[in-house]
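**Student:** Spelled out, the chains give:
Protein chains: 2
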Amino acid sequence: MAEEQELKDHREEQELQIVLLLGLGPPPLFKFFPELLQKFKFLSPFEYPTTPIHQFLKFHAQSIEVMICMGGGRKESIPVNWEVLNSLPSLKCILNTGVGVNHIDLTECKQRGIIVCNAGNSYSEDAADFAVGLLLDVLRRISASNRYVRSGLWPLKGEYPLGHKVVPSLLIPFYVGGQRVGIVGLGSIGSEVAKRLDAFGCSIAYNSRRKKESILFPYYSNVCDLAANCDILILCCALTDETYHIINKDVLSALGKDGVIINVGRGALVDEKALVRFLVRGEIGGAGLDVFENEPTVPKELLELDNVVLSPHKAVHTLGSMSALYELTIANLEAFFSNKPLLSPVNYEQEAITL
Amino acid sequence: MAEEQELKDHREEQELQIVLLLGLGPPPLFKFFPELLQKFKFLSPFEYPTTPIHQFLKFHAQSIEVMICMGGGRKESIPVNWEVLNSLPSLKCILNTGVGVNHIDLTECKQRGIIVCNAGNSYSEDAADFAVGLLLDVLRRISASNRYVRSGLWPLKGEYPLGHKVVPSLLIPFYVGGQRVGIVGLGSIGSEVAKRLDAFGCSIAYNSRRKKESILFPYYSNVCDLAANCDILILCCALTDETYHIINKDVLSALGKDGVIINVGRGALVDEKALVRFLVRGEIGGAGLDVFENEPTVPKELLELDNVVLSPHKAVHTLGSMSALYELTIANLEAFFSNKPLLSPVNYEQEAITL
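As given, the protein sequences belong to chains A and B, one line each in that order. Under the numbering used here, the first residue of the first sequence carries the number 102, and numbering increases by one thereafter. Under the numbering used here, the first residue of the second sequence carries the number 102, and numbering increases by one thereafter.
Bound conformation, chain A alone:
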């Protein structure tokens, strides 16, 4: 049979160390860094479209000790659940190309002694840059201004938003310096955000599972308390059972009508329905969202709002991040195959992204 022959041919070629590739089609990493393909033998179910994935995994089960996993956080990605893990009894290591590992069953991995690595700090600066970019955009209405100019309204209606006819509540009330910023999840992304916003004159506070003794910013153990004492919340934490819908209606109420939510973590950190309700009713001041609960679906109510900036889960799409991820992936694979410590293991109780 064609598919069996296909698989056999492949097995016979194996001189290089085998790495399973699980995700959504060929990842950009290999497009940009084809030299990876010379160093390791990658197996991917996507190269064998006629073979069902469970059969593919079963066929290669014994030979696979390490797997690269990508596309996490996307609805259509393959979750690394009990079933997948069970079909790979030799698996010792998962290298996730993303930062968030909520698509991987960490409890099961822990029980099986499988080390899970994520993208480490590869994306931290890009994610932080993007978070700050979203914040500046929401506070200073950059996308909305851009839309205003492109629509040809400037010569017709005068200054954005309403020229000299502005009343105080319509004039953009926000001033970046002096804003009280609450960072939810002070991992490496959150720390990079803090460093940047400090230079703008913002005051910083944070929430995380535990107070970090080396950090001088005020700590709030409760997100609601953080929200009550901040103008802006920036979500940089991992999605876990504990952080699912960590931003709910109570937090949004505490944040108040001038409050702004920035999310570069995962969509499900936010109760999206509640957020939409608060935004539509003007009960919070704005939002900058790179991630959504049901990507690529974006609540249609948001599409009309000038105080909302939407982005298609792209905070870390730069060649800089790609290149850093490439270096990390090579280093992790080489460490794995030479029995050295891996470079970016996650703890099984993910607290903040890239702790």
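Please note: incorrect hints may appear among the correct ones.
To be verified - Below, in silico cross-link-like pairs of lysine-lysine (PhoX-like), each with a Cα-Cα straight-line distance of 20 angstroms or less:
hint, chain 1, residue 1, chain 2, residue 2
1, B, K211, A, K258
2, A, K296, B, K296
3, A, K159, A, K140
4, A, K313, A, K296
5, A, K312, A, K296
6, B, K193, B, K211
7, A, K441, A, K193
8, B, K193, B, K159
9, B, K258, A, K401
Stated by the list, open to error - Computed spacing ranges between beta-carbons, pair by pair:
hint, chain 1, residue 1, chain 2, residue 2, range
10, A, S252, B, E343, 50 to 56 angstroms
11, A, G279, B, R311, 29 to 35 angstroms
12, A, I154, B, P256, 20 to 26 angstroms
13, A, L317, B, N440, 45 to 51 angstroms
Hints in this document: simulated from the structure, not taken from any laboratory. For clarity, every value in this text was computed on a predicted model and none was experimentally measured. We put the CB at the ideal spot given by N, CA and C, even for glycine.
Take the given structure of chain A and dock chain B to it, following the hints.
**Tutor:** Relative to the frame of chain A, chain B by itself:
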């Protein structure tokens, strides 16, 4: 005659110190801070629409020692030229509500011993925030992403810009940290920009008329040399005869095809036709523009480009800036009427905005 009676009535009411208000209709400053009206007597030609402006000025000529001037930089604003200055022989002081004073004949003011004040540092932080916001938007395509999501393309076409079909040149190549930023005009706005971008990991260099001995950033006496050694140019200088079209085709060529121009100064700092040509041909990487040569007209070629972010001259439209300007205006007026030194005089050879 109605207009004469109108003017006479007005003159008789004068118990408070008189301040002439010259600009485009009632400025927002007085809308937001009506208490200003209780402290001084403001005369504005816009309150006497039946009186031609030169007649209005002539009528009040002897009584006017100080004038507040707003709307500078806008095409339809009244230039403070020889004619206006000549009709106000008692004028000793001009308080400009903007930072740029290119609509005021500074040479003539100098000869007449008229002190010219601008908005000082009132806007510096807002302008710097906006410049950085524009830069992040251009580098990380935030407005373009927002447009992509709002147009409903995400579920249809996948990740912005082209999902996994991206080729390196289409993947956003920019990484904020490590970008070499050249600041043209290192006044207080430029310095605030430098402070912020330093926190992102950018390296900073600058051009100004003279090297500033207290500044450690590399200095280039020539904008072309600065451009050749930078990835990004941020324009924060005043518009003067010397800085008119300081960004011309030679500078754009030196900046190169991945280069980015950010302008929060004045439109005419840039040879806009050359900029449009370079952008349309892909000979520079992008632009973030808050100001244009013929506001509110924006070159239509720019409206189609994803690597360009456009804003309707609003970098400093915040209540924070308004409030700072109000404080400064009161302080300058009080200083003027009590013969104390003014707080924000410009030098007659404007070098960088808010030196």
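**Student:** For every hint, state whether the structure bears it out.
**Tutor:** Cross-check of the supplied hints:
1. K211(B) <-> K258(A): Violated. K211(B) to K258(A) sits at ~37 angstroms, over the 20 angstroms cutoff.
2. K296(A) <-> K296(B): Answer holds: K296(A) to K296(B) is near 12 angstroms, not above 20 angstroms.
3. K159(A) <-> K140(A): Measuring from Cα to Cα gives roughly 24 angstroms; hence the hint is violated.
4. K313(A) <-> K296(A): Roughly 16 angstroms between the alpha carbons, so the hint for K313(A) and K296(A) holds.
5. K312(A) <-> K296(A): With Cα atoms ~18 angstroms apart, K312(A) and K296(A) stay inside 20 angstroms; holds.
6. K193(B) <-> K211(B): Holds, at roughly 11 angstroms.
7. K441(A) <-> K193(A): Holds: K441(A) and K193(A) sit about 13 angstroms apart, inside 20 angstroms.
8. K193(B) <-> K159(B): holds, 16 angstroms
9. K258(B) <-> K401(A): Holds, because 17 angstroms separates the two Cα atoms, which is no more than 20 angstroms.
10. S252(A) <-> E343(B): 50 to 56 angstroms: violated, 36 angstroms
11. G279(A) <-> R311(B): 29 to 35 angstroms: Holds - the Cβ-Cβ distance for G279(A) and R311(B), about 33 angstroms, lies within 29 to 35 angstroms.
12. I154(A) <-> P256(B): 20 to 26 angstroms: About 24 angstroms separates the Cβ atoms of I154(A) and P256(B), which means 20 to 26 angstroms holds.
13. L317(A) <-> N440(B): 45 to 51 angstroms: Between L317(A) and N440(B), where Cβ atoms are some 47 angstroms apart, the hint holds.
Hint compliance for this structure: hints 1, 3 and 10 are not met, and every other hint is.
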